[in-house]
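K.L.:
With these hints in hand, go ahead and build the complete structure from the sequences.
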Amino acid sequence: MRDLIGHLGIPQKEKGITFVNGDLTDMPGLRADLGRVLQDGDRVGLMHTRSMWPFQYRFLAKTSPQLEKKLKYGGGGGVFHSSHGRSSSREGR
Amino acid sequence: MAKIVRVDMGAESVTFEEVPDKYRFARGRWLTSSLVADEVEPTCHPLGPGNKLVFSPGIVTGTTAPTSARISVGGKSPLTGGIKESNAGTKFATMQARLGIAAIVVQGQPKDGKQYVLTIDKNDARLMAESSLRGLGTYATTDALIAKHGNVGVCCIGPAGEMRMPMAGICFNDLENRATRFSGRGGLGAVMGAKGLKAIVVNGRGAPTVPIVDKDLFETGRAKLTKAIRSHDITKPKGGLNTYGTAILLNILNEAGGLPTRNFSRGRFEKAADVAGEAIFEGNKERLGKEVYNHACSPGCIIQCSNTWHAADGSEIVSCIEYETAWALGPDCEIGDLDVIGRLTWLCNDIGLDTIEAGGTIAVAMEGGVIPFGDKKGAIKLLEEVGKGTPLGHIIGAGAAVTGRVFGVVRVPVVKGQHMPAYDPRVVKGIGVTYATTTMGADHTAGYTIAPEILGVSGKVDNFDVNKAELSRNFQATTAFIDSSGHCLFIAFPILDFPEGFQGVIDECNGLLGTRWTAEDVGRIGAEILAREREFNKGAGFTSADDRLPEFMKYEPLPPHNEVWNVSDEELDAVHGALAS
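These protein sequences, in sequence, are chains A and B. Heads up: the first sequence begins at 13 in my numbering, then just goes up one per residue. Heads up: the second sequence begins at 626 in my numbering, then just goes up one per residue.
Don't read these hints as lab results, they were simulated from the structure. Warning: the hint list may mix true and false statements.
[As the list claims (entries may be wrong)] With a cut-off of at most 30 Å between alpha-carbon atoms, the simulated DSSO-like pairs for lysine-lysine come out as follows:
1. B/Lys861 <-> A/Lys84
2. A/Lys25 <-> B/Lys915
3. B/Lys852 <-> B/Lys840
4. A/Lys25 <-> B/Lys861
5. B/Lys773 <-> A/Lys82
6. B/Lys1054 <-> A/Lys81
7. B/Lys773 <-> B/Lys747
8. B/Lys1054 <-> A/Lys84
9. A/Lys25 <-> B/Lys896
10. A/Lys82 <-> B/Lys747
11. B/Lys1163 <-> B/Lys647
12. B/Lys861 <-> A/Lys81
13. A/Lys25 <-> B/Lys852
14. B/Lys861 <-> A/Lys74
15. B/Lys1179 <-> A/Lys74
16. A/Lys25 <-> B/Lys910
17. B/Lys628 <-> B/Lys861
18. A/Lys74 <-> B/Lys1054
This structure is a prediction, so every number in the text was calculated from the model and none was measured.
P.N.:
Following this line, the structure appears as structure tokens:
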């Protein structure tokens, strides 16, 4: 994945919601799939950072184990919409 | 002191009442559902004299709270047969709130078959027989009332409501006085038509400001919420919603394989990118020669997600094309043409139809062989038949469930008689739990927000492992509160990622009302609203058997993931199990 976005000229910080074969593999700012090895025939969907898939509309949708782990242990219970500014969401806890 | 305006269509009378103490803090969905549960017999005919139609702005509507000009409309739904609340963003809400009217309750039925217009200003409320608007679409009706009364809040029904069609909505005017903001779902427009009420005009000129008990606390809350909204990638100026609108979801759901296509037979549409929010933005840019960012639907909205689709000559085709609308009239019907979707949207607005039910019903009709999938001219003609009230038009106007029965279609994606929105539950199973269990029928907005516990504002964190039933119940309860606050549900995005934004909503309410609510109270109030609604539905004859998805989803795998619906009935029943005990 890292090689692909490099080839396409997409800076890592501009990598948004990402799908591989319909499975959600990354959310903005999490970088959960950069190390993923892509196979011939894979369908990769790279969204701009202004895209959205709110939690309520993606709850229990197919998500890669790597992303699930990042969502779960990244704070917020995994229900956030955007990682941008999430440091402020952890204040006061 | 806030008032209830009670309109008796049978007696042709309008009276003002004090708000009973039990409704002291209730506004929006809290008040509409409470009044309906208290005053409407659950077994009444939705189009008969026993049903009531209630209009109530939210708790903070009419103040400087950001993005808070929502009005809830409630009653017994002719589409589902259960309780219904649907809301819209409109200056009508702000004006009603500033006039100090907690609720407009419309009851009874005229005996003479006449049509009426209700007019309310700071001095009086008058119900007048008015025949000149009969049969007019919502655009002409709104134009006529604005021409007569000036800059006022208008709500009206189109021909679909006059003909009492179960997919008829109630139309409110936007900031530009377009007839585009809908309380769409569940057929409340038919209830308004059955009561002989063509329109309501609310004139807010000279109205005072909404009284606030603790101005400092209110302002603190307002500032917190405003900061959260303006900071978040999705809701900030030139963020996702302001740039691309809700139709930004089309490419996402398509890539996820959960975009219902060809009447829920596939999860991807090859032309999705042609009708998505990005295509609307780029198309407008090409046609107008400049970037066009979206606008506010109502006073004080700082998210500003409403788009306008323009023709090649630069003229306006329609405002606005939301995600659900673009999907229902697009991929679900296999139509991949924004100009056609724009035309279909305009027709839905003018005839006064819920676009989700309309598009979904056309797709079911396509499945039944009435017209082919992808038939653009055929789809337009079907809506025109609805507007004219032909026999076929009445069938379509009765919604997807009826249309499916008439044409022998098995793949009819409805729950409690209401068509599903634009997320296939076989792919997004969490939203399927919401579709099945909400009191409103298949409704994507019913479980739209967050549980305070998940935010951590109550001290608990990391509820990611909580089972789906509890999560859905918490979502539905907190959504019910947001629907009562007057805020647009899209505040859920920033207040989920910024807990101080959620606290801001609570501070606003406490400042306005003088209450001392906490996050727990948000959940409690929401749960009480849901319990009242479920009680009504139970009285109307609903059982747990109605909290289910259509059978075909259990055995028809949806490409490309080839998933079926496999959430157990026990898990669905557990969503409201705690409420029932």
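K.L.:
None of the hints should be skipped; say for each whether it holds.
P.N.:
Checked hints:
no., hint, result
1, B/Lys861 <-> A/Lys84, "holds, 26 Å"
2, A/Lys25 <-> B/Lys915, "holds, 27 Å"
3, B/Lys852 <-> B/Lys840, "holds, 18 Å"
4, A/Lys25 <-> B/Lys861, "holds, 19 Å"
5, B/Lys773 <-> A/Lys82, "violated, 59 Å"
6, B/Lys1054 <-> A/Lys81, "holds, 19 Å"
7, B/Lys773 <-> B/Lys747, "holds, 17 Å"
8, B/Lys1054 <-> A/Lys84, "holds, 19 Å"
9, A/Lys25 <-> B/Lys896, "holds, 29 Å"
10, A/Lys82 <-> B/Lys747, "violated, 55 Å"
11, B/Lys1163 <-> B/Lys647, "holds, 23 Å"
12, B/Lys861 <-> A/Lys81, "holds, 28 Å"
13, A/Lys25 <-> B/Lys852, "holds, 23 Å"
14, B/Lys861 <-> A/Lys74, "holds, 28 Å"
15, B/Lys1179 <-> A/Lys74, "holds, 18 Å"
16, A/Lys25 <-> B/Lys910, "holds, 26 Å"
17, B/Lys628 <-> B/Lys861, "violated, 36 Å"
18, A/Lys74 <-> B/Lys1054, "holds, 9 Å"
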